[in-house]
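Participant: Taken in sequence, the protein lines are chains D and R. When we follow my numbering, the leftmost residue of the first sequence carries the number 1, and every step to the right adds one. When we follow my numbering, the leftmost residue of the second sequence carries the number 1, and every step to the right adds one.
No lab work stands behind these hints, which were simulated from the structure alone. If you're wondering where the values come from, they're calculated on a predicted model, not measured in any experiment. A couple of the hints might just be wrong.
With a cut-off of at most 25 Å between alpha-carbon atoms, the simulated SDA-like pairs for lysine to any residue come out as follows [to be verified]:
{"hint": "1", "chain 1": "D", "residue 1": "K118", "chain 2": "R", "residue 2": "N230"}
{"hint": "2", "chain 1": "D", "residue 1": "K92", "chain 2": "D", "residue 2": "A3"}
{"hint": "3", "chain 1": "D", "residue 1": "K92", "chain 2": "R", "residue 2": "A190"}
{"hint": "4", "chain 1": "D", "residue 1": "K253", "chain 2": "D", "residue 2": "H208"}
{"hint": "5", "chain 1": "D", "residue 1": "K92", "chain 2": "R", "residue 2": "G179"}
Which chain D residues face chain R? A few, computed with CB under 7 Å, are given here [as the list claims (entries may be wrong)]:
{"hint": "6", "residue": "Q98"}
{"hint": "7", "residue": "N101"}
{"hint": "8", "residue": "V119"}
{"hint": "9", "residue": "A125"}
{"hint": "10", "residue": "H128"}
{"hint": "11", "residue": "M167"}
We put the CB at the ideal spot given by N, CA and C, even for glycine.
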Amino acid sequence: MSAPVLEAWNISKRFGSEYAVRGVSLTVEAGTAVCILGPSGSGKTTFIRCLNHLEEPDEGYVFIEGEPLGFTRRGDVFQQVSRRELPRQRRKLGMVFQQFNLFDHMTALENVTEAPCKVLRRPKAEAHAAGMALLERVGLADRAHHYPRELSGGQQQRVAIARALAMEPRLLLCDEPTSALDPEMVHEVLQVLGSLVAEGMTMVTVTHEVGFAREVAERFVFMEGGVVVEEGDARNLTTTGVTEERTRSFLAKVL
Amino acid sequence: MRRNVGTKVLGVLAAALLAFFIQGIARNSAVQWRVVGSYLFSGPILTGVLRTLLITAVAIVIAIVLGVLLANMRLSRNRVLQAVNGIYVWFFRSIPLLVLLIIAYNFSLLYAHLSLGVPFGPAFVSFTTTHVFTALTAAIITFGLQQAAYTSEVIRAAIMSVPPGQVEAAETLGMTYWGAMRRIVLPQAARVALPPVANETINLCKSTALVAFISVPDLLYSVQEVYSANFKVLPLLVVATIWYTVIVSVMSLAQWWLERSMRIDRRVATIAVTAEVLR
Ligand SMILES: Nc1ncnc2c1ncn2[C@@H]1O[C@H](COP(=O)(O)OP(=O)(O)OP(=O)(O)O)[C@@H](O)[C@H]1O
Ligand SMILES: [Mg+2]
């Protein structure tokens with residue numbers, strides 16, 4: 001039996017003396033999508049950033065295909081890895097941000113090919129071809145030579161997805177990928193993400209799009225106050241399907 | 001309408017004054033234009049020009065490289081690095097450039113012999129500092145170190161103008177901090193830092209005239225050497241003035257050209273304006 005793609009054990013993160021996340025665990029099997037919901041300030045962003053150590057957890061461990069992120073395991077002893085090693089481990093996790101975070105001085109295609117060329121040292125022609133295929137995949141082949149400022153929000157986010165996919169991650173983390181978008185652009189981004197899951201991509205998404213979550217995700221996790229209040233089958237994400245009162249009142253607000 | 005007339009009158013007056021001034025210099029027999037012409041491209045003067053350019057170029061490169069390091073120290077969360085940066089900037093901003101220059105020059109006299117080897121033991125290599133650490137090297141290092149204190153602040157501001165989310169995105173793509181700095185942050189920061197750094201380079205170039213105090217044969221010193229022999233002070237100072245003006249003009253042109261070629265979003269701006277107009 002192979003290890004799950006991602007396993008988070010008891011993740012806690014404090015800012016000052018306040019816990020933003022307290023003892024959250026999560027297991028994600030290959031080819032499944034998990035969505036995280038919760039009111040503002042519940043620690044969703046902090047938790048998902050702990051998963052790739054953009055925030056270093058104060059407690060707990062993250063395992064990527066059995067390998068502890070930020071550590072090497074010698075028997076039962078965990079040893080902190082060097083600063084050079086963490087970037088190598090992190091490559092297995094792609095990330096899509098709420099604010100896209102495209103590189104403003106590069107075209108869409110350059111955004112996608114930069115890391116394969118410079119980090120994986122792929123030949124330029126090969127990275128170029130792969131990059132064009134990915135832009136095609138997100139429906140933006142004709143925008144390959146445009147700069148981020150020349151693209152709409154939805155197009156930028158799709159370039160950001162292509163950029164993350166270019167590193168061939170085992171898991172895609174998305175933090176509210178459509179929250180910064182105008183309503184008419186939400187659909188195009190969700191469609192791309194949905195088709196990725198349909199093709200077997202493993203994904204953890206923070207989202208308020210309950211319809212999308214029900215349709216695409218296998219499981220949901222509802223957080224509040226830095227802890228998991230309820231988790232279950234994403235198809236049950238209705239006011240009558242969930243069991244916890246707090247989940248129900250949250251859903252009543254967003255649905 | 002009346003203000004318009006006033007502006008025109010003022011403009012004419014200013015032009016007339018400028019014409020008188022230029023004519024005054026051009027006709028002034030003390031300037032001796034023929035002497036100016038004969039020295040403008042003479043060997044020692046041209047060597048001086050090159051030396052001035054050399055000091056400026058190497059010093060600004062040192063200042064930029066060191067400035068990037070210092071800026072990153074200041075931006076790091078490490079208190080020790082922050083403190084090192086703070087002390088560096090405080091020290092080099094406190095001391096007049098000329099004083100620093102003379103100290104660096106005397107450094108070479110204080111430590112006449114630099115030895116490489118076991119401390120207190122036999123020296124493997126021993127050489128005279130004044131050869132290695134010549135006045136020219138002392139000058140270049142001094143200008144570079146002091147300029148770095150100022151340039152680092154410009155670079156820090158430029159780095160901070162790049163959205164931090166882009167560094168995080170780079171890190172999730174497997175780049176190291178310095179990889180992201182080099183490929184993502186600095187290319188964008190350069191565009192912001194270019195105008196002030198160009199300004200500093202021009203200032204630095206003129207400050208290099210101070211090396212005459214420690215007998216480095218730069219442009220000014222070469223000119224002084226000539227006129228202390230033939231007493232044609234004014235014509236030779238005009239020679240120096242012409243060269244400084246030419247150098248600064250070329251630098252300004254280079255700045256203009258660099259700024260233009262770096263501004264990739266000019267095209268974007270045009271598109272945005274067109275869209276606005278069409279709407
Ligand atoms: N860098 C930080 N420094 C201090 N406090 C922070 C920081 N980041 C988050 N917090 C705090 O941690 C808590 C959780 O924040 P987080 O951003 O994870 O919530 P969230 O669920 O993503 O909210 P939202 O839905 O608004 O994005 C909040 O109380 C927030 O104020
Ligand atoms: Mg958030």
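Participant: Each hint needs a verdict: does it hold in this structure or not?
Facilitator: Hints, verified against the model:
{"no.": "1", "hint": "D:K118 x R:N230", "in the structure": "violated, 61 Å"}
{"no.": "2", "hint": "D:K92 x D:A3", "in the structure": "holds, 14 Å"}
{"no.": "3", "hint": "D:K92 x R:A190", "in the structure": "violated, 31 Å"}
{"no.": "4", "hint": "D:K253 x D:H208", "in the structure": "holds, 11 Å"}
{"no.": "5", "hint": "D:K92 x R:G179", "in the structure": "holds, 18 Å"}
{"no.": "6", "hint": "Q98", "in the structure": "violated, 9 Å"}
{"no.": "7", "hint": "N101", "in the structure": "holds, 4 Å"}
{"no.": "8", "hint": "V119", "in the structure": "holds, 4 Å"}
{"no.": "9", "hint": "A125", "in the structure": "violated, 20 Å"}
{"no.": "10", "hint": "H128", "in the structure": "violated, 17 Å"}
{"no.": "11", "hint": "M167", "in the structure": "holds, 6 Å"}
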